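Student: With the hints as your guide, set chain B onto chain A.
First to last, the protein sequences are chains A and B. For the first sequence, our numbering gives the first residue as 1, with consecutive numbering after it. For the second sequence, our numbering gives the first residue as 1001, with consecutive numbering after it.
Source of the hints: derived by calculation from the structure; they are not laboratory data. Careful, some of the hints might be misleading.
Partner residues are not named here, just some residues of chain B that face chain A (Cβ under 7 Å, in silico) [said to hold, decoys possible]:
#	residue
1	N1006
2	A1008
3	L1019
4	A1022
5	A1023
6	L1027
7	E1038
8	M1039
9	A1081
10	Q1194
11	N1237
Predicted model only: the values in this text are computed from it and were never measured. The C-beta atom is built at its ideal place from N, Cα and C for all residues, glycine as well.
Number of protein chains: 2
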Amino acid sequence: MSRVYNFAAGPAVLPEEVLKEAAEEMLDYNGTGMSVMEMSHRSKAFEQIVTEAEKTLRDLMNIPDNYKVLFLQGGASQQFAMIPMNLMKNRVADHINTGQWAKKAIAEGKLFGKINVIASSEDRMFSYIPDLKNLKISDDADYVYICHNNTIYGTKYNQLPETGDKILVADMSSDILSEPVDVTNYGLIFAGVQKNIGPAGVVVVIIREDLITEDVLPGTPTMLRYKVHADNKSLYNTPPAYGIYICGKVFKWVQNLGGLEAMKKINLEKASILYDYLDSSKLFRGTVVKKDRSLMNIPFVTGSDEMDAKFIKEAKAAGFESLKGHRTVGGMRASIYNAMPTKGVKLLVEFMKKFEAENKI
Amino acid sequence: MSRVYNFAAGPAVLPEEVLKEAAEEMLDYNGTGMSVMEMSHRSKAFEQIVTEAEKTLRDLMNIPDNYKVLFLQGGASQQFAMIPMNLMKNRVADHINTGQWAKKAIAEGKLFGKINVIASSEDRMFSYIPDLKNLKISDDADYVYICHNNTIYGTKYNQLPETGDKILVADMSSDILSEPVDVTNYGLIFAGVQKNIGPAGVVVVIIREDLITEDVLPGTPTMLRYKVHADNKSLYNTPPAYGIYICGKVFKWVQNLGGLEAMKKINLEKASILYDYLDSSKLFRGTVVKKDRSLMNIPFVTGSDEMDAKFIKEAKAAGFESLKGHRTVGGMRASIYNAMPTKGVKLLVEFMKKFEAENKI
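With the rest of the complex left out, here is chain A:
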């Protein structure tokens, strides 16, 4: 068995320790004589798994008691509909457009109400976070929506928009658990788990209790009502049980590393290794405005499509997987989520230096 360094944007690398434990427990979880995949979601063993997963996440993110934690299905794409269906009372929302996923949320929101795009960085290929001062928050907006880290373009919010008394809703799919956040700044945080937490098929929703009501848009399916899932502690119907089990292990793994402060320190160090090299390189350069750089997704280019292709090919041959950039940005992208070891980034930079030396321009 030989593991590669997997720089995929998601689904993405998971901690090797977690995978090893999962493999060991596959036929017999904790003396139950069955796999977690085979376990009734009403069993004590599974109840313990989901309760413990929630508890660990609450500890990690310091989630206040007046927030519910839900483990749902359908990914971020389904949240793009659930959010307006549940939170739009006036049928108006303010969105900031920072990339493809922000745009998808805008498009979906338009199925249900009026979406005001109050800021955008589309003019320069989403390579920065728009100025957040003097935003024109709409008086009748039900919420303000942001995508906290932009997987494709490699930007992140280092400060939040001032939304006054308006609820802030954030898609944190690609940076949840990468550093501490103050949950109380948000009405709702959600994250598809397949980048920084676990296997695709689970989405974590952290929602302030007062936003969970029966007052939803007409025709909202039962499965798309936060109240149904909150009232049933994510067990209204059969949940994606195995996925939740792996998420729980990853939460513990982060906790054992020292929690989110420690995680942030590691992530800053890892990202610096790559950004510092990019800033000094004559062949490669990052595509994002420095102050808005993501710690998780680092796009870079050589400026030549041919050279990019050559690099990606040789990197793959050397065991660095999925470095190809998103088709809308081109070039390369290294996604270095929590589970990417620092060693993986160091070896990548060594490889890039070697490649640069061999391909002087």
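Tutor: For chain B alone, coordinates are given in the frame of chain A:
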């Protein structure tokens, strides 16, 4: 490691061979150097997994080319909404009420249109399938809906309602792949996989192409449109990739056993072992009308709550798990899905005989 005999109604027992393979491949799938959990859903390796899973299912069920196979999220509960949202053109559907899951589909359908309950077995605690002759199919019904096997009450359809030119929609969550079906009898078949196919978090939808249209109810979220998933071969957004991978392995496992004809033979044999004993026992009796008995879910009672509780407790101590009946039926229920070995049923019956001898009435 000691495996129990798991009679849970779902999530349920999976083939041990499948779990062993999954454990072996956990850190390195097929030389890719990564787990299937870590793999981009746009990668060649995963594309092969999902393509092969679909192909094997098509072979097994002999699914015609004019049907699409979709792997979605949200389980059967989400299908209860997706079906009306996508198929209700007149906002009318005819339903047959055969138990709790049939009722949930009825309740959800009512969010979107008029639901006519054209037959019901609620009068005798759903212990039979209603008479299917002379059903009053509504002229304006968009479809007729049945729950093909009733997990809680242990009944199944051995013949289908005559629906004329109306589309038949069937929930096969608890008996898909248990025996051959003629897919052309249906407009849409769906099944949450967590009973007979794989880990919770995937729902299989088999839908006739002409039913897949853009003409959906207003306010139908993108993720709840069959056309979106069909056009994108179940890869519109990140699918529940690991679950699909396990499903593919289970499909292969059924194929290696000889396909659905062979599976049916095994299932008939397994069910007979238990039914024959129930019919001869003086302590235990089945709760379902003989002609409508399920091959998958077998509820039985002693007639005494105390004796039932004693049996469940002693069975559990002897390694027979999750035999407690659903709270609405009481007593016991043995779910004997495809992956339950014949040996498990034989040993259960031996245990029941011993228990009966020790508890003469």
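Student: For every hint, state whether the structure bears it out.
Tutor: Each hint, compared with the structure:
Here the hint on B/N1006 is kept, as its CB sits about 5 Å from the closest CB of chain A, short of 7 Å. Given the 7 Å rule on beta carbons, the hint for B/A1008 holds: about 4 Å separates it from the nearest Cβ of chain A. At about 5 Å, the closest approach between the beta carbon of B/L1019 and any beta carbon in chain A falls short of 7 Å, and the interface hint on this residue holds. Contact between B/A1022 and chain A, as hinted, is supported at the beta carbon level, the nearest pair being about 6 Å apart and thus within 7 Å.
The closest approach between the C-beta of B/A1023 and any C-beta of chain A is roughly 4 Å, which is under the 7 Å cut-off, so the hint is satisfied. Of the supplied interface hints, the one on B/L1027 holds, with its beta-carbon coming within about 5 Å of a beta-carbon of chain A, less than 7 Å. Nearest Cβ of chain A to the Cβ of B/E1038: about 5 Å, under the 7 Å cut. The hint holds. Checking B/M1039 against chain A: minimum C-beta separation of about 6 Å stays under 7 Å; hint holds.
Contact between B/A1081 and chain A, as hinted, is supported at the beta carbon level, the nearest pair being about 3 Å apart and thus within 7 Å. Hint on B/Q1194 holds. Least Cβ distance to chain A is approximately 5 Å, under the 7 Å limit. For B/N1237, the interface hint holds, the least distance from its beta-carbon to any beta-carbon of chain A being 4 Å, beneath 7 Å.
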